[in-house]
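Given the sequences, and given the hints that come with them, work out the whole structure.
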Amino acid sequence: MRSWRPVVHQSLRSLATHTRPVACRAVKPVVASVPSRHISFKGLFGGKAEKQQDTDSKLILSQDNLFHALSQSPIKELRDRAAIINKYGVCPVCDTHGGSERPVYECPDCGYPTHCCEDHYHQGKDAHKHNCGILREQNEDDHDLRSGRKMTEFEFPTSQAFDEAVNMGNWDVFFYTRGFPSMDSERSMRHVSKLLTYPATVASVMHDASPYKFGNEVTVEGMRSISALRTVLYPKNEILKNGVNLIRSELINIYIVGARAESTLPQHIWLQLAYLFPRTPFHLHFIGPDALPPNATPYTTSLNERLMFTYDNSYYHDYHDKIEKFDPYTDLFFFFSPGIGHEAARDAWKPSIQKALETKCAMFLTGYDQNDMANDIEAVEQDYNGEFDYLIKPTENAFRSLKRDVNLMDLRQTIFANWGLWAIRGKRYDVTAQEDDE
130 MRSWRPVVHQ
140 SLRSLATHTR
150 PVACRAVKPV
160 VASVPSRHIS
170 FKGLFGGKAE
180 KQQDTDSKLI
190 LSQDNLFHAL
200 SQSPIKELRD
210 RAAIINKYGV
220 CPVCDTHGGS
230 ERPVYECPDC
240 GYPTHCCEDH
250 YHQGKDAHKH
260 NCGILREQNE
270 DDHDLRSGRK
280 MTEFEFPTSQ
290 AFDEAVNMGN
300 WDVFFYTRGF
310 PSMDSERSMR
320 HVSKLLTYPA
330 TVASVMHDAS
340 PYKFGNEVTV
350 EGMRSISALR
360 TVLYPKNEIL
370 KNGVNLIRSE
380 LINIYIVGAR
390 AESTLPQHIW
400 LQLAYLFPRT
410 PFHLHFIGPD
420 ALPPNATPYT
430 TSLNERLMFT
440 YDNSYYHDYH
450 DKIEKFDPYT
460 DLFFFFSPGI
470 GHEAARDAWK
480 PSIQKALETK
490 CAMFLTGYDQ
500 NDMANDIEAV
510 EQDYNGEFDY
520 LIKPTENAFR
530 SLKRDVNLMD
540 LRQTIFANWG
550 LWAIRGKRYD
560 VTAQEDDE
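Residue numbers for the sequence shown follow my numbering, so the first one is 130 and each next one is one higher.
By construction, these hints were calculated from the structure, which means they are not laboratory data.
Mixed in with the good hints, there may be bad ones.
To be verified - Straight-line alpha carbon distances no greater than 25 angstroms define the calculated DSS-like cross-link-like pairs of lysine-lysine that follow:
#1 Lys254 / Lys279
#2 Lys556 / Lys479
#3 Lys489 / Lys556
#4 Lys342 / Lys522
#5 Lys454 / Lys342
#6 Lys258 / Lys216
#7 Lys187 / Lys205
#8 Lys479 / Lys454
#9 Lys279 / Lys205
#10 Lys205 / Lys216
#11 Lys489 / Lys342
#12 Lys342 / Lys365
#13 Lys451 / Lys479
#14 Lys187 / Lys216
#15 Lys489 / Lys522
#16 Lys342 / Lys556
#17 Lys216 / Lys254
#18 Lys479 / Lys489
#19 Lys556 / Lys451
#20 Lys454 / Lys489
#21 Lys556 / Lys522
Unchecked claim - Derived Cβ-Cβ restraints for the label pairs, each shown as a range:
#22 Arg265 / Gly228: 21 to 31 angstroms
#23 Gln192 / His259: 19 to 29 angstroms
#24 Arg408 / Glu230: 38 to 48 angstroms
#25 Ala503 / Gln483: 19 to 29 angstroms
#26 Arg557 / His226: 50 to 60 angstroms
#27 Lys254 / Arg557: 54 to 64 angstroms
#28 Gly515 / Asp224: 38 to 48 angstroms
Beta carbons: idealized from backbone N, C-alpha and C, even for Gly.
In structure tokens form, the structure reads like this:
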């Protein structure tokens, strides 16, 4: 079901620094000036950064004291989470037998309110075992994020040298070759992967050290599209000016369609994408009804001279008409877990998918599990049969989030953001001349 969507956090883009904007084709929204602010990762997973200042200098929870029943948590935000589950959640035993009682009894092993009473907890304990360990891990992870300890794993590296080699085979080698702080626990890996899954997924399909290889995941048409992008991402045409060799690079436009959680990321997180391509400027277009808070005005801003952002709450098929032209060498699309195959959304997606296919630009899509991805693929194959080519065959995403998202309205449902990846492009038709019949 697609009745819920994980959101990384709710803070607006207040951590951006407004500088000189990069030239952009044809899009003319309002350019917002955003004040400079000290970068902090403390408030990324809930709570306001200003309130976090009170805990910066003191430890709330030690590493051997991270497990707490949510209703008794020393962290108000997690107590509030328990209240949400109490009010809107479902008791799985009641659900199975047609009841409607809310979960108020907290499992002593995972700390989440999982059942309506102790009796139903014991009745459903065997079925709960599978999910109990997942929720226990989530409980401790969320307390760790708010524990007050120094989060060294969020001390991300800055710009890299032009000749620095980065391997994007998986999270481990990426962190090592890119110079991230040592990840000394799986918990740290989960924290950082949840934050970086969106920019890392985008980078991984374009990078010359991509985990997706021709002949395995990448098709012949995929190699053509990705090679076209790489001619711009890795420019070799040098220009001599005043005795200095300069390398010219064009702007890469990334259209993130149906943007939700990814549009709420602080803009400096997307610097990790820009750092991997030090010669290339990027313009990220976050498009969709959830790309902005309700009643917000679309706007464009820039973080520095190589990273520009547009936020627009239009549907993509309306936004499409604002662009003068598309170029497969400089433009690409991302659809993060779009739910194209979901019955309630399928028809609504059709005009936007059709417009994106018409551009003949690469379209990369993710899914939160194998079934979600398979449903989307089935819908696309049925609705656009003969209109597209596969670029990347459906595969597990090397840069999926390692931290699960939990549906608070039904704790049995947990997902990994961007679990799977596949890619298509509108079919190109080669026109050939036929000899006249004699």
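Now for the hints, and whether the structure bears them out:
Note on Lys254 and Lys279: the hinted pairing is violated, with a Cα-Cα distance of about 37 angstroms set against a maximum of 25 angstroms. Simply put, Lys556 and Lys479 have alpha-carbon atoms about 17 angstroms apart, close enough for the 25 angstroms limit, and the pair holds. Note on Lys489 and Lys556: the hinted pairing holds, with a Cα-Cα distance of about 7 angstroms set against a maximum of 25 angstroms. About 11 angstroms separates the Cα atoms of Lys342 and Lys522, which keeps this hinted pair within 25 angstroms; it holds.
Annotation: proposed proximity of Lys454 to Lys342 is violated, straight-line Cα distance about 30 angstroms (limit 25 angstroms). Taken as a hint, the Lys258 and Lys216 pair is honoured in the structure, with Cα atoms around 23 angstroms apart against an allowance of 25 angstroms. Taking the CA atoms of Lys187 and Lys205, the gap is near 17 angstroms; set against the 25 angstroms cutoff, the hint holds. Straight-line distance between C-alpha atoms of Lys479 and Lys454 comes to about 21 angstroms, which keeps the hinted pair within the 25 angstroms bound.
Of the supplied pair hints, the one linking Lys279 and Lys205 holds, its CA atoms being roughly 20 angstroms apart against a limit of 25 angstroms. Distance check on the hinted pair: Lys205 and Lys216 sit about 17 angstroms apart at the alpha-carbon level, within 25 angstroms; holds. In summary, the hint linking Lys489 to Lys342 is supported, as the alpha carbons are separated by about 21 angstroms, within the 25 angstroms threshold. With a C-alpha separation of about 23 angstroms, the suggested pairing of Lys342 with Lys365 holds against the 25 angstroms cut-off.
Of the supplied pair hints, the one linking Lys451 and Lys479 holds, its CA atoms being roughly 19 angstroms apart against a limit of 25 angstroms. For a cut-off of 25 angstroms, the pair hint linking Lys187 to Lys216 is broken: about 33 angstroms separates their Cα positions. With a C-alpha separation of about 17 angstroms, the suggested pair Lys489 and Lys522 falls inside the 25 angstroms cut-off, and the hint holds. Taking the CA atoms of Lys342 and Lys556, the gap is near 21 angstroms; set against the 25 angstroms cutoff, the hint holds.
For the hint linking Lys216 to Lys254, the alpha-carbon distance of about 21 angstroms falls within 25 angstroms, and the restraint holds. For the proposed pair Lys479 and Lys489, the alpha carbon gap of about 16 angstroms is at most 25 angstroms, so the pair holds. Our distance criterion of 25 angstroms between C-alpha atoms is met by Lys556 and Lys451, whose separation comes to about 23 angstroms. About 11 angstroms separates the Cα atoms of Lys454 and Lys489, which keeps this hinted pair within 25 angstroms; it holds.
At roughly 16 angstroms between alpha-carbon atoms, Lys556 and Lys522 fall within 25 angstroms of each other, so this suggested pair holds. In this structure, Arg265 and Gly228 meet the distance hint of 21 to 31 angstroms, their C-beta atoms being roughly 26 angstroms apart. The given range of 19 to 29 angstroms is respected by Gln192 and His259, whose C-beta atoms sit roughly 27 angstroms from each other. Our hint of 38 to 48 angstroms for Arg408 and Glu230 is violated, since their Cβ atoms are close to 60 angstroms apart.
Distance hint for Ala503 and Gln483: a CB-CB separation of about 22 angstroms, consistent with the stated range 19 to 29 angstroms. With their beta carbons about 56 angstroms apart, Arg557 and His226 fall inside the hinted range of 50 to 60 angstroms. Between Lys254 and Arg557 the beta carbon distance is about 57 angstroms. The supplied range of 54 to 64 angstroms therefore holds. At about 42 angstroms, the beta-carbon gap between Gly515 and Asp224 stays in the expected band of 38 to 48 angstroms.
Hint compliance for this structure: hints 1, 5, 14, 24 are not met, and every other hint is.
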